[in-house]
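Once you've looked at the hints, dock chain B against the given chain A.
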Amino acid sequence: MVYRLRQFLGAISTTKLIWFIYTSCVSAMTAMTLLGRWSRVFLWILFTCEVVVTILTFAPKATQKIHSYAVTLTALVCIFSCSVMDNEFYPYVTALLVESIVILAYKDEKVMLTNLVGSMLMILHHIFYGNAVIFGVTNSVIELVLCFAIIAAVQIFLTLFILTMKKNETVMRKSMESARRAEHSKADFLANMSHEIRTPMNGILGMCEIMLRDASINDDAKENCFNIRTSAKSLLAIINDILDFSKIDSGKMEIIEEPFNMASTLNDVLNLAMARKGSKKIEFIIVLDPSIPCGIIGDENRIRQIMVNLLTNAIKFTEKGAITVTVSQNRQDYGINLMISVADTGIGISQENIEQLFTSFQQVDTRKNRSVEGTGLGLAICKKLVSSMGGFINVKSEYGIGSEFRFVIPLKVSDSKPFMSVKESESIHAVSLFNMDKFNHPEIPRRYSQIISNIGAQLGIDYANYTNIDALKKRASEKAITHCFISADEYLKNREYFNELSRTVKITVVQERTDSFDVPASISRVFKPFYALSIASALNNENLIMNLNERRGSDIHFTAPKARVLIVDDNDINLKVAWGLMRPYNMQVLTAESGPAAINMLRSKDIDLVFMDHMMPEMDGVEATHKIREMEGDYYKQLPIIALTANAISGVKDMFISEGLNDFMAKPIELTALDRMLRNYLPPEYIQPCSAAVYSGPERRKSFQKNKDAKTFDPESGLALTGGDADAYGEILRMYVQKGKDKREYIQKLYESGDWKNYIIEVHALKSTSMTVGAAKLSELARELEGAGKEQNYDLIHEKQNTLYEMYGSVINTIREYVNANYPQAGQPEELYIPNAQALTEITEALLKEYISVAKQAIEAFDSDETDKIAEQTKNLSYHSKPLADSFGRAASLMCDFEYDSAMEVISVLEQQITAGIK
Amino acid sequence: MKKIGITTDCVCDLPEEYFLLNDIGVIYFYITTDSGRFCDMTEVTSENIIDYLESGRKVNTHAPSVEEYISFFDSQLEKYEEIIHICVSDSISLSYRNASLAALTLKIKSARVTVVDSEHLSTGIGHLVIKAVNMRDRGKSAQNIFNELESMKKRIRTSFIAMNADYLNINGKVPKIAKDLCDTFRLHPVIVMRNGKIRIGRVYVGDYWRSCAKYVKRSLRQHGRIDKTRAFITHVGCTVSFLNKIRAEADKHCKFDELITTKASATVSSNCGKWTFGIVCVNK
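Chains A and B supply the protein sequences, listed in that same order.
For the first sequence, position 77 matches number 77 in the numbering used here, and the numbering has no gaps at all.
Just remember that the numbering used here sits 1000 ahead of the position in the second sequence, which is counted from 1.
Excised from the complex, chain A in its bound form (with noise of 0.2 Å):
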């Protein structure tokens, strides 16, 4: 019953309260009239009365403020005709004061001040007309003065209440104002300072990317770089930190859901990992379970920001012993639970620090962590993200022993097969030889134990772990092997035996990433850490393990030699570093630096896809987007336009989206992105799948002659020295060839100046130079007279340098013949890159076909001046927006190069694409 009458009293509105009340009093003063038999009068005005608030409290149309000067009049005058009717006055200035103290509920002075004025008139008409007051007794006087100055007091007082009460709520509702503006302007500075720091950030990281898939660039400049680009991406972390917490902290973070492979990610992950754990003594073991289905729907990036932020974590707070990264997962109807936990032996956390954990900014045991990097926002963060994907975070620890971070997100899944199967397990027969006893913590050997003992069950293939090499060689000669992996100490130990049973069974070392050492071609290397991954990916024969170079640059799993691709931007920086990140798709990239350009180039719609930067002066990349939209086909209409931008303010995507355009991608380019948009917007048709070991497109070597002599030059050896990137090593060659002629006639002058410093100092540098392309003999025969220099043996180098002399011309006519063979003239990566698009002027076919049978017949007349001329003439002009430089500057090369046939077959190649119509 009370909770019922709470429950209607709780629901019912000031004005309907106010009425029950008033009805209350009227009904009171009904009964008065009749029991103190009043004039009828009096019942009729209190109906009136009662009537007209009835009326004003359940129309539908009548406002709180009519409702309150109704309800004031009529009490008045309900009050006043009952002290009439009484005679009385001083009882009815009770029922004045509560009258006031009701009507407070409305919270208007005015109405207040109405009610004192009422309420002064009724005290006046008492005075003059009533026997309120007998003038001449003192204490009647007093009585009246005394009431006289109590309702004026409570009135005013309750007056200057409303009054104060609606300040405070304008001073609180200035405040909220205020706040939501702060809000906004925080929303706006993170917006442009966002801008403005991923700009400069996007230029250092892209020019790294592209610094460490240059071929060119020694091994120590390539570390240099890559611990630029770790600190640069370190730095970015930060600032991605504090920009995710400032987009989680106001509800604007956004989870994108796409299928993705766990084993990609955790990848990923575990490369960032091995690269921030440094020099630290810390084992990496990952327990996965083989189950996870291999396509789940999910927000990659920010379950992979997780990761790295639990195990960055684990790695600061552990000096010694294992990091362990279980995934594992459990069914459900909608999907699975996909469970990652990290644990560690570190230093652990007390109980009471536990509780402060995931809040923000606070690092804990802040003394004892001072030398500990980080702005404390990491778990925060993970906490958020976590819960945004519908999931839990929690920890467990002990002081002193180390912790374990668990996280749990319930996903769908798009595709249910397991993400780690081994093809043909039922022909595996795999040994491994891990000896548990050099590892610093206890820990470490239980754990791997675990995950021995379980490979085989999990992956279905016969399996087992040896801690000695007899027990191995026991097993090899009564059974047979098909797969072996060893330690790298275990390798060095028992090299011999490994190399000879390397022709039988095949063997893969785990190595460390600072190990080097050489092992022969039949054994295979992969890094730490070794988990269930790795051993399947080597027994599928599959490199998704990195190697020492591959894993400084990146993965490409297809190329898309014919699409043509448009990237806007007017940041030249910025225009190289995204030509350089798509470049070894093999597409056709063009850029331009303004939006006009980027429309001009478009008529001649032959572009299938566009990467628009949004922030350029004059003409924005919304405004470009609509103009292109405007033009007339469908071709504008239908054409995928990504937005590029820095901004990566939560909401920008679906602004982007509502101008027109079909998606977006931040910068830094992010690798993974970019191959998704590529994907999703090229015509499939176009995409071609490639081994993801190679940079670059197919396979374009012809096998070399056999009669040949390997040692003068073998491309083989070459192309493994430079990382196993066909392009670049074509490039490497071509620069040896085009720097080779003055530098052989540069060393014959030194040894005929007899100027014997610089001799030493140039055929040291041949001696290096010939060894990275492959050609080992004239690599040796340079180390002898570089020694026999240093040797002041000047006999040596009279009797060998002329043999040096033409072994030398012979190895640059050898490499010349073999790329000319093997590297053609189309599809040159940096005949590709148009820097700026804008500067090429169009020309007809009629003059282009000119300039074609003129370079014709300066060819035919090994007049390479003339083709020079052409190629400087053409060189700002472009044929359907494709440059002439490309056929007539590598034309004009080659004719520098004696390489006539060449030189005719590329002005020939120009030819017949305009006869087929360029594209």
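Simulated from the structure, these hints should not be mistaken for lab results.
Hints are all accurate, no fakes.
Restricting the straight-line Cα-Cα distance to at most 16 Å, the calculated cross-link-like pairs of lysine to aspartate or glutamate (EDC-like) are: (1) B:1245 x A:352; (2) A:412 x B:1034; (3) A:167 x A:109; (4) B:1179 x B:1166; (5) A:384 x B:1054; (6) A:473 x A:500.
This is chain B only, laid out in the frame that chain A set:
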């Protein structure tokens, strides 16, 4: 194969290490949120649920299904000849019913599974589990263990003091008016288990710490009757400093050989709320 296996529901709130050390099989309850279904203790913890509920969202808790119990008992029967499974009180969960049905199904295959209705929750069940384990280790038969547990459960005192009645109201244990009264007058209800049912016992008024001290004192007032071998302080979201104060307060009134602090499971936590704790002990 070992003779008798002791298994229980995860809501017994014993420390995880105890399960591992004594080879106790545990079957987990489920918490359903608006985004998924999570396993108590392994996927979601008490802190997770408290945070979730404090953000204004609701959860549902579920006992394992009959099929899940069958699967669980099957896996345990690979190690043991017979099982004694101790469930949370039948009046507050379907687990006893589901477990009994599962046991009946397995009986057809001549499997021996005995299901015990603890008539308690949280570490009230924990006391029974520890007793069962001790008796098993001493070589007692399943029937003896069962009889002792049936007798012991009447002597267990399970009670908790909650800071407010918010979570009890959310889960339908008390009406809204009771919750409003608690909020208005700063009332702190004590939840007790009587004859297998949840009842509101005393209600303390005023400052929460003072109320807790009074609750501890009252819980341990007849310490002559209490079995001092072991007692539990089971809590939901209490800080370490708060728990230390509770321990000190408990020590003032009754010295136990073992006074173990444990965290409540997510299932129990979702029904009580943060800052809830209970002194769970056994009468002689």
